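Asks: In my numbering, the protein residues as written are 24 to 375.
To be clear, the hints were calculated from the coordinates, so they are not data collected in a lab.
All values reported here derive from a predicted model rather than from experimental measurement.
All C-beta atoms, glycine included, are put in the ideal place defined by N, C-alpha and C.
Don't take every hint at face value.
[Said to hold, decoys possible] Distance ranges between label pairs, derived from CB positions: (1) P219 / V176: 18 to 24 Å; (2) N307 / I207: 57 to 63 Å; (3) A138 / A297: 46 to 52 Å; (4) Y212 / I88: 53 to 59 Å; (5) E203 / V289: 51 to 57 Å; (6) N307 / I88: 23 to 29 Å; (7) S28 / V308: 49 to 55 Å; (8) L216 / N312: 44 to 50 Å; (9) I64 / M199: 41 to 47 Å; (10) I207 / A138: 21 to 27 Å.
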Amino acid sequence: MMFFSWAALPGIALGIFVRKYAELGFYETLSLTANFIIIIILCWGGYRVFTPRRNNVSHGDTRLISQRIFWQIVFPATLFLILFQFAAFVGLLANRENLVGVMPFNLGTLINYQALLVGNLIGVPLCYFIIRVVRNPFYLRSYYSQLKQQVDVKVTKKEFALWLLALGALLLLLCMPLNEKSTIFSTNYTLSLLLPLMMWGAMRYGYKLISLLWAVVLMISIHSYQNYIPIYPGYTTQLTITSSSYLVFSFIVNYMAVLATRQRTVVRRIQRLAYVDPVVHLPNVRALNRALRDAPGLRFVIYASLAWKCWLRTMASCCGFNTSKNFLTGCHPCWNRVKMFISFRVTISRCD
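Can you make the complete structure from the sequences, with help from the hints?
Replies: Here it is as structure tokens:
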């Protein structure tokens, strides 16, 4: 809906109907499809009303965090669960009556609600990225450029390789089946170790990279949940706690990545402003010193021109020449060209 507006509804309805028809039958599939369509229209309409401008920009913008959290995560999950419970209660979903308990707020309902929140929190940005890449493959180049800009300048290749190695080791431990020789690292204890590791990545590598990596990590860990959650009498309670960990970890990692990226952007903007004069809005002396430090050739040109000017002035004063006054004082067109060249090099210099 964010890309195609109302034109996306027929495709969404057809996809849901084809996917669920063989499993549920005609009437239940029709009821489930109507449930999805109502939720999509209400959430998309509310999001467009409360964010009339720049509502289609990529995820990670701090100005749209609150609107997107409510209209793309909390509200659709809550509304879907309410409509789903109501449809199952009145008998529209006969195959899902086992999900309706005596009390509406039971462990099964809590697991489903947390799963919906996690799916919206991780799936919406991931699907946004996939749709943009399918529509325009050159978006990958733009995404990679933004990804590099969000990474901290102090990050080294060795640090990133060690971080990926640690992440791969934790995923390998989570995917290993439980047996008699399994240790505590083969249980959901390893899942808790993912949080500090991903927090470090969120603070160092930015939102663009961490959002994709965390989505992949979460899909792998959820797909292999039976390998680190053994079946025992308290299995449902343990599954509820683990699903809440998915939700809390996802929110913390994504939110910290957005804040760290925003902080680095503000710091870089302040650094750029430090090299610009606030009155005339031109590069100042600090920018000139930096340009001279970064470009030895420019330093040689300036020093040579100053030495040449001093030598000419000395020779003219010794010989008593006054005809080259403009030339010697720096008002000659050739000196203007040198000044224009120097100011141009300073202006285009990198403002880090």
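Asks: Next step is simple, just say for each hint if it's right about the structure.
Replies: Hints, one by one, checked against the model:
1. Taking 18 to 24 Å as the suggested C-beta distance range, the pair P219 and V176 conforms, at roughly 23 Å.
2. Against the hinted window of 57 to 63 Å, the Cβ-Cβ separation of N307 and I207 comes to about 59 Å, which satisfies the hint.
3. Between A138 and A297 the C-beta distance comes to about 48 Å, which sits within the given range of 46 to 52 Å.
4. Distance hint for Y212 and I88: a CB-CB separation of about 31 Å, inconsistent with the stated range 53 to 59 Å.
5. Checking the proposed 51 to 57 Å range against E203 and V289 shows it holds: the Cβ atoms sit about 54 Å from each other.
6. A hinted range of 23 to 29 Å is violated for the C-beta pair N307 and I88, which are about 36 Å apart.
7. A hinted range of 49 to 55 Å holds for the C-beta pair S28 and V308, which are about 53 Å apart.
8. Taken as a hint, the range 44 to 50 Å holds for the pair L216 and N312, whose Cβ atoms sit roughly 47 Å apart.
9. Between I64 and M199 the beta carbon distance is about 44 Å. The supplied range of 41 to 47 Å therefore holds.
10. In this structure, I207 and A138 meet the distance hint of 21 to 27 Å, their C-beta atoms being roughly 26 Å apart.
Checked against the numbered hints given earlier, this structure breaks hints 4 and 6; the rest are met.
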